[in-house]
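Enquirer: Listed below, chain by chain, are the residues.
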Amino acid sequence: ETGVTQTPRHLVMGMTNKKSLKCEQHLGHNAMYWYKQSAKKPLELMFVYNFKEQTENNSVPSRFSPECPNSSHLFLHLHTLQPEDSALYLCASSQDRENTEAFFGQGTRLTVV
Amino acid sequence: AQSVSQHNHHVILSEAASLELGCNYSYGGTVNLFWYVQYPGQHLQLLLKYFSGDPLVKGIKGFEAEFIKSKFSFNLRKPSVQWSDTAEYFCAVSLHGSSNTGKLIFGQGTTLQVKP
Numbered sequence: 002e003t004g005v006t007q008t009p010r011h012l013v014m015g016m017t018n019k020k021s022l023k024c025e026q027h028l029g030h031n032a033m034y035w036y037k038q039s040a041k042k043p044l045e046l047m048f049v050y051n052f053k054e055q056t057e058n059n060s061v062p063s064r065f066s067p068e069c070p071n072s073s074h075l076f077l078h079l080h081t082l083q084p085e086d087s088a089l090y091l092c093a094s095s096q097d098r099e100n101t102e103a104f105f106g107q108g109t110r111l112t113v114v
Numbered sequence: 587a588q589s590v591s592q593h594n595h596h597v598i599l600s601e602a603a604s605l606e607l608g609c610n611y612s613y614g615g616t617v618n619l620f621w622y623v624q625y626p627g628q629h630l631q632l633l634l635k636y637f638s639g640d641p642l643v644k645g646i647k648g649f650e651a652e653f654i655k656s657k658f659s660f661n662l663r664k665p666s667v668q669w670s671d672t673a674e675y676f677c678a679v680s681l682h683g684s685s686n687t688g689k690l691i692f693g694q695g696t697t698l699q700v701k702p
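From first to last, the protein sequence lines stand for chains G and S.
Residues 2 to 114 in my numbering are what the first sequence lists, from first letter to last.
Residues 587 to 702 in my numbering are what the second sequence lists, from first letter to last.
To be clear, the hints were calculated from the coordinates, so they are not data collected in a lab.
Treat the hints with care, as some may be off.
Unchecked claim - Simulated crosslink set (DSSO-like; lysine-lysine; CA at most 27 Å straight-line):
1) G:K23 with S:K647
2) S:K657 with G:K23
3) G:K23 with S:K689
4) S:K635 with G:K42
5) S:K657 with G:K41
6) S:K701 with S:K689
7) S:K689 with G:K20
8) G:K42 with S:K701
9) G:K53 with S:K689
10) S:K689 with G:K41
As the list claims (entries may be wrong) - Residues from chain G shown here face chain S by an in silico Cβ test under 10 Å; the list is partial:
11) P43
12) N51
13) R98
14) T101
Think of the CB as a built atom: it goes at the ideal place given N, C-alpha and C, for glycine as much as any other residue.
Start from the sequences, fold in the hints, and give me the full structure.
Expert: Right, here's the structure in full:
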């Protein structure tokens, strides 16, 4: 248990569906992140939030829409995805200061059919 | 652009063998360095980290890594692996001095398989 909880663990969705991934951290951190882990590719940073404000969007297509209502919760809203978006989506959090490490959730395995 | 390269994609060892996984990064500034491990079906967890100071860092489960600045390397080592070390290992870097220490650039990972 890392203190970062992601739900659901597995999700299968059609290309016309709308779904959301949820991340919750119980560590008192104020920075949260979404990463994408595709087969045979390095983990890719998607979004960064600091104190609920989005500070980085790593050229992510608009069919992925993040939301951070407070420092403990992070969502990734999905709509009209493509099969190539199938991947493991990881949430992470860290304290907003130097020389700390990030803590990761177990991820949501997404399959787009 | 910054990048992290892990030379070995798939390593197979017998128990008690020694392990060294290579990691090189490309970045002109000062970096923080990390090794994460992902056991089958589990979350990414931190093995060890380097921010500054002694370039030889010790982590959990008998792992260590050495930062060689001149070689832009941060290789992971373990003198004697166990079957339970079977996992995927990721090297990652972040910008030193940044408060966004979760903003990581990852290598592509190395799958370690330890045969009993």
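Enquirer: Give a verdict on every hint.
Expert: Structure-based check of all given hints:
1. Proposed proximity of K23 of chain G and K647 of chain S is contradicted: the alpha carbons are some 31 Å apart, above 27 Å.
2. Note on K657 of chain S and K23 of chain G: the hinted pairing is violated, with a Cα-Cα distance of about 40 Å set against a maximum of 27 Å.
3. Only pairs whose Cα atoms come within 27 Å are accepted, and K23 of chain G paired with K689 of chain S is accepted, the gap being roughly 19 Å.
4. Distance restraint check for K635 of chain S and K42 of chain G: the Cα-Cα separation of roughly 22 Å lies within the 27 Å cut-off, and the hinted pair is therefore satisfied.
5. Pair hint K657 of chain S plus K41 of chain G holds up; C-alpha atoms about 26 Å apart against a cutoff of 27 Å.
6. A distance of roughly 34 Å separates the Cα atoms of K701 of chain S and K689 of chain S; the hinted pair therefore is violated under the 27 Å criterion.
7. For the given pair, K689 of chain S sits about 25 Å from K20 of chain G by alpha-carbon distance, which is consistent with the 27 Å threshold.
8. Under the criterion of a C-alpha separation no larger than 27 Å, the hint pairing K42 of chain G with K701 of chain S is consistent with the structure, at around 26 Å.
9. In summary, the hint linking K53 of chain G to K689 of chain S is supported, as the alpha carbons are separated by about 16 Å, within the 27 Å threshold.
10. A distance of roughly 20 Å separates the Cα atoms of K689 of chain S and K41 of chain G; the hinted pair therefore holds under the 27 Å criterion.
11. Because the smallest distance between the Cβ of P43 of chain G and any Cβ of chain S comes to about 4 Å, under 10 Å, the interface hint for this residue holds.
12. Nearest Cβ of chain S to the Cβ of N51 of chain G: about 7 Å, under the 10 Å cut. The hint holds.
13. Annotation: interface hint on R98 of chain G holds; nearest CB of chain S at approximately 5 Å, less than 10 Å.
14. With its C-beta approaching chain S no nearer than about 5 Å, T101 of chain G sits inside the 10 Å limit, and its interface hint holds.
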